[in-house]
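Those protein sequences? They're chains A and B, same order as listed.
Take the first sequence: its letters are residues 1 to 85, numbered as in our numbering.
Take the second sequence: its letters are residues 1 to 405, numbered as in our numbering.
Since the hints were derived computationally from the structure, they do not count as laboratory data.
Errors might be hidden in some of the hints.
Per label pair, the in silico range of CB-to-CB distance [as the list claims (entries may be wrong)]:
no., chain 1, residue 1, chain 2, residue 2, range
1, B, Ser203, A, Glu52, 35 to 41 angstroms
2, B, Arg352, A, Arg8, 34 to 40 angstroms
3, A, Glu33, B, Arg124, 29 to 35 angstroms
4, B, Arg352, A, Arg27, 32 to 38 angstroms
5, B, Ser64, A, Leu81, 25 to 31 angstroms
6, A, Glu63, B, Gly393, 48 to 54 angstroms
7, A, Pro29, B, Tyr45, 55 to 61 angstroms
A few chain B residues facing chain A, derived, Cβ under 8 angstroms [what the hints assert, rightly or not]:
no., residue
8, His61
9, Pro63
10, Ser130
11, Tyr139
12, Arg206
13, Pro267
14, Leu317
Among chain A residues calculated to face chain B with C-beta under 8 angstroms, some are [claimed, not checked]:
no., residue
15, Arg8
16, Ala35
17, Gly56
18, Ile59
A virtual CB, placed ideally from N, CA and C, is assigned to each residue, including glycine.
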Amino acid sequence: MDQLTTDRLMEIMRECAGDGDAMETDRRPEDVEFAALGYDSLAMLETLSRLEREFGVAIDEEEFAGAVTPAELTTLVNRILTEAA
Amino acid sequence: MNADTVITGMGLLAPTGLGHDEHWKNVLSGASAIGPVTRFDAERYPSRLAGEVTDFVPEEHLPSRLLPQTDHMTRMALVASDWAFADAEFDPALLPEYGVGVVTAASAGGFEFGHRELQNLWGRGPEYVSAYQSFAWFYAVNTGQVSIRHGLRGPAGALVTEQAGGLDALGEARRQLRRGQPMVLTGAVDGSPCPWGWVAQLSTARMSRESDPALAYRPFDAEAAGYVPGEGGALLVLESEEAARARGARRRYGRMAGYAATFDPPPGSGRPANLARAVRAALDDAELRPEEIDVVFADASGTPEEDAVEADALRSLFGPHGVPVTAPKTMTGRLSAGGPAVDVATALLALREGVIPPTVHVSRPLPDHTLDLVTTPRRARLATALILARGHGGFNSALVVTGPR
């Protein structure tokens with residue numbers, strides 16, 4: 001199974017919940033919190049179930065809630081994928 | 001105390017047009033929008049005609065974030081709310097946080113969205129059901145989404161009385177104004193032609209099975225054989241006159257002068273329907289006599305028995321041929337709760353323009369109905385209009401609007 005990239009994650013999120021809010025920041029886009037991008041809890045829930053389906057993994061909800069940026073969530077998914085391999 | 005509720009803005013999406021200007025132009029020219037269903041494959045269903053809003057492209061009006069979480073009818077409601085506030089030249093951010101309420105009506109909520117997610121559940125499994133199904137199907141969803149979009153935190157409500165809801169929402173909105181609320185956005189946008197919504201309506205046995213769009217929905221006609229369903233509706237900005245004046249509102253479409261609702265006795269009771277009582281109570285509420293009503297926008301069920309009930313009610317109150325009666329909804333089909341809200345908007349435009357828009361396709365009105373049915377646009381001095389709506393299951397509502405002056 002391919003690893004998740006932040007680009008792919010953001011693409012999935014756009015499909016699940018629409019575009020994130022544009023914002024002025026000097027951080028890398030993947031380091032901006034989901035909440036700051038305008039993704040609410042339902043958008044995250046939708047993303048969770050989509051990731052689980054697409055990558056065939058089960059993601060612990062507490063761990064998922066702890067990943068608050070695209071970079072963190074990508075790391076989490078890839079760790080689970082590696083462990084499952 | 002009833003002269004102080006004014007309508008200062010409207011947002012309308014109907015099969016006859018996007019926006020009330022286009023709608024009015026088409027309705028006056030008698031341009032029916034009823035045609036074959038295109039939103040799903042209706043070939044194997046006994047009824048295959050609808051009034052669809054065909055040129056609505058949600059991406060042109062709404063941010064992408066709202067699209068995955070909204071049913072088709074909610075998207076139209078959101079756009080109607082934008083247009084209503086723009087038409088009222090009002091920015092919701094200018095009133096206090098709790099200053100604007102939202103009351104809408106729906107017959108079932110987001111049927112098309114719900115249909116798709118139930119299909120996912122049944123065909124693929126629960127992990128394929130959208131998280132947004134939790135509210136997108138819900139009959140209060142338009143009230144919720146509209147209030148979130150504009151930050152409206154005043155009293156919110158949702159009414160479910162099928163077609164009658166389009167008037168009942170305005171009744172509830174006026175109640176909020178009388179409690180001191182300065183403004184309420186109200187009305188209904190309803191109906192998403194989809195297999196589930198279709199089957200739900202087919203079960204009433206009142207849908208027309210005629211395949212010719214010119215013959216399918218002919219209320220009060222000798223050949224009346226049911227109705228054609230449609231989609232769309234209108235949201236109206238209702239304000240107390242005091243609040244409208246305080247914010248310097250320049251436009252008044254008119255006043256909501258009277259409203260009442262009644263419920264029918266159970267089938268088989270032998271007791272008569274209560275539509276006439278609703279009209280009488282609405283007239284009393286408006287402090288108007290029947291002879292002061294200049295035009296009636298009929299419920300126009302299209303089923304012979306219900307047409308007779310409405311004609312009898314009108315005869316008992318106005319006398320034979322006693323008042324001009326019209327049903328522009330013959331051009332759109334019945335839009336569930338959205339229909340009567342569109343009728344209120346159309347009635348207000350008729351008052352402004354001094355023209356009664358026509359009822360189309362009715363070539364042989366039943367003489368027994370003794371109705372003065374308006375089948376070509378008729379110029380008239382119009383100061384008042386009565387709008388009737390009946391919801392499946394026994395709901396009757398009547399609403400009176402008067403011109404701005």
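Okay, the hints, checked on the actual structure:
no. : hint                                   : verdict
1   : B:Ser203 - A:Glu52: 35 to 41 angstroms : holds (37 angstroms)
2   : B:Arg352 - A:Arg8: 34 to 40 angstroms  : violated (55 angstroms)
3   : A:Glu33 - B:Arg124: 29 to 35 angstroms : holds (32 angstroms)
4   : B:Arg352 - A:Arg27: 32 to 38 angstroms : violated (54 angstroms)
5   : B:Ser64 - A:Leu81: 25 to 31 angstroms  : holds (29 angstroms)
6   : A:Glu63 - B:Gly393: 48 to 54 angstroms : holds (49 angstroms)
7   : A:Pro29 - B:Tyr45: 55 to 61 angstroms  : violated (48 angstroms)
8   : His61                                  : violated (14 angstroms)
9   : Pro63                                  : holds (7 angstroms)
10  : Ser130                                 : holds (6 angstroms)
11  : Tyr139                                 : violated (19 angstroms)
12  : Arg206                                 : violated (37 angstroms)
13  : Pro267                                 : violated (42 angstroms)
14  : Leu317                                 : violated (50 angstroms)
15  : Arg8                                   : violated (18 angstroms)
16  : Ala35                                  : violated (13 angstroms)
17  : Gly56                                  : violated (11 angstroms)
18  : Ile59                                  : violated (12 angstroms)
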